[in-house]
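Chemist: The lines below spell out each chain.
2 protein chains.
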Amino acid sequence: MDNKSMQTKDLVLQTALGMFRSKGFTKTTMRGIAAEAGVSLGSAYYYFASKDELVLELYRESVGEQRAAASAAMADTTGLAVRLKAALHAGVDALTPYHHFGGAFISSALPPQSAVNPFGEASGKAREDAIAIFAEVIEGTKVPVFLRAQLPELLWLGYMGVVLFWVYDRSEDQRRTRTLIDGASPLIAKLLSFSRLPVVRPLVEEALALKVRLRP
Amino acid sequence: MDNKSMQTKDLVLQTALGMFRSKGFTKTTMRGIAAEAGVSLGSAYYYFASKDELVLELYRESVGEQRAAASAAMADTTGLAVRLKAALHAGVDALTPYHHFGGAFISSALPPQSAVNPFGEASGKAREDAIAIFAEVIEGTKVPVFLRAQLPELLWLGYMGVVLFWVYDRSEDQRRTRTLIDGASPLIAKLLSFSRLPVVRPLVEEALALKVRLRP
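Residue numbers (the working numbering), protein chains in the order written: chain A, 1 to 216; chain B, 1001 to 1216.
Hint data in this document are derived by calculation from the structure and do not stem from the laboratory.
Computed from a prediction, not measured in an experiment: that's the story for all the values here.
Be careful, since some hints might not be right.
Below, in silico cross-link-like pairs of lysine to aspartate or glutamate (EDC-like), each with a Cα-Cα straight-line distance of 16 Å or less [stated by the list, open to error]:
(1) B:Lys1190 to A:Glu205
(2) A:Lys9 to A:Glu36
(3) A:Lys125 to A:Glu153
(4) B:Lys1023 to B:Glu1036
(5) A:Lys211 to B:Asp1052
(6) A:Lys190 to B:Asp1010
(7) B:Lys1211 to A:Glu57
(8) A:Lys125 to A:Asp182
(9) A:Lys125 to A:Glu36
(10) B:Lys1125 to B:Asp1093
(11) B:Lys1190 to A:Glu206
(12) B:Lys1125 to B:Glu1061
(13) B:Lys1051 to B:Asp1010
(14) A:Lys190 to B:Asp1052
(15) A:Lys125 to A:Glu61
(16) B:Lys1009 to B:Asp1052
(17) B:Lys1125 to B:Glu1205
Chain A is faced by these chain B residues, among others (derived, beta-carbon under 10 Å) [as the list claims (entries may be wrong)]:
(18) Leu1041
(19) Val1163
(20) Leu1214
(21) Pro1216
From the derived model, a few chain B residues whose C-beta atoms are all more than 12 Å from chain A [claimed, not checked]:
(22) Lys1023
(23) Met1030
(24) Ser1050
(25) Thr1078
(26) Gly1102
(27) Ala1122
(28) Gly1124
(29) Leu1147
(30) Val1199
Beta carbons: idealized from backbone N, C-alpha and C, even for Gly.
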């Protein structure tokens, strides 16, 4: 994509986000976005086949931002709790401008028939990138070897839970979500270190085997 | 409510559910429901102020069904894993007829601004009843005393996770959800019994304290 195209694409996206904010997601149409951005409807559709595509692009961009910020914040530490905290805060930071339409995104993106649901095919690449952030979280830490293969996806699932909590969070600046991240990260790190105990390990192995059985 | 009223209310609800199934949730209107049920629009609105109210009634009924079936299934056992399994299966049993519009319910009920979101005020009574099912689950079991006050709500939250998994479950008769319940229940029971270990207990106590701090 050349520079001009990138600019137009970004203009359409930013216009759409502004309109989602001011008019609400459901009332915003592709036609309205094109008119507001001053591009033809055909041009808007060229970059985004639907409003769903715009949501997906937003998701992709937020993952990119989260990844860059998390990497930077993790550079100087090997402690799992600190690294996990950094990745989770970076994710919420990237989403914060969109908190007021978190509910609309749940309606549009969470239903299983949605083209952009976070567990679906269309969002596969963004999901892989998001899971890769949590693979980086455990790099260089003391996480037990038998956990390493499945842990990034499990941590990402936990992050999805944090995002759901954040959508419902009505406290000022979503402070409760920050409390959740700060409180849960060291607990998860400790829990993972317990998985080495001979009495706990079989339980964790059973849980991992269950997760494999649950794959579609 | 007299018998005739109860019948009319139920007729409106059953008609609505049939239409949600055949036409989809969003395309079904209160006017259409009234016409199909052969009652006046005023009468339909008398029982249900909105489609949201119909969703809430469905939620209430499913909790009632779950509770009755769970109580019956738990009557002869004091094992936590078996009791938890019974309560979770009973919940999914009650929801099974509505699987094909699980996605529509997510759109309508899950957003935080929805009047009937499962964490909101309007659904408070139904939520209490649902949590009471999990209070019954731990009755007579060996769950450590320090966990008893908060555990029913935590188990209910876990059940909400199972419901979300079920909504996404495209396997035949949602078998993966059944596998999840059968696999996770004994793991949760074992995990809870570990919370007695001197090394684990402080961690669990910290998690409970965090949960208290996260209350709105």
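Chemist: Can you confirm whether the C-alpha distance between Lys1125 of chain B and Glu1061 of chain B stays at or below 16 Å?
Modeler: Within the cut-off at roughly 12 Å; holds.
Chemist: Checking the smallest CB distance to chain A, is Gly1124 of chain B really beyond 12 Å?
Modeler: Holds: least Cβ distance 15 Å, greater than 12 Å.
Chemist: Over 12 Å to the closest beta carbon of chain A is the bar; see if Ala1122 of chain B clears it.
Modeler: 15 Å, holds
Chemist: Please work out if Lys1023 of chain B and Glu1036 of chain B have their alpha carbons no farther apart than 16 Å.
Modeler: 12 Å, holds
Chemist: Given the hint that Lys125 of chain A pairs with Glu36 of chain A, test it: the Cα-Cα distance must not exceed 16 Å.
Modeler: Violated: Lys125 of chain A and Glu36 of chain A sit about 30 Å apart, past 16 Å.
Chemist: Is Lys125 of chain A close enough to Asp182 of chain A, meaning Cα to Cα at most 16 Å?
Modeler: 28 Å, violated
Chemist: Are the Cα positions of Lys1125 of chain B and Asp1093 of chain B separated by 16 Å at most?
Modeler: Roughly 21 Å between the alpha carbons, so the hint for Lys1125 of chain B and Asp1093 of chain B is violated.
Chemist: Just want to verify: Lys1023 of chain B was marked as not at the interface with chain A; is every Cβ pair farther apart than 12 Å?
Modeler: 15 Å, holds
Chemist: At 12 Å, judged by beta carbons, does Ser1050 of chain B keep clear of chain A as stated?
Modeler: 16 Å, holds
Chemist: Identify whether the interface hint at Leu1041 of chain B stands, where standing means a beta carbon of chain A within less than 10 Å of its own.
Modeler: Violated, about 25 Å.
Chemist: Do the alpha carbons of Lys125 of chain A and Glu61 of chain A lie within 16 Å of each other, as the hint requires?
Modeler: Between Lys125 of chain A and Glu61 of chain A the Cα gap is close to 12 Å, so the pair holds against 16 Å.
Chemist: Is Lys1125 of chain B within 16 Å of Glu1205 of chain B, Cα to Cα?
Modeler: With Cα atoms ~28 Å apart, Lys1125 of chain B and Glu1205 of chain B exceed 16 Å; violated.
The structure does not agree with the numbered hints 5, 6, 7, 8, 9, 10, 14, 17, 18, 19, 26, 30 stated previously, though it agrees with the rest.
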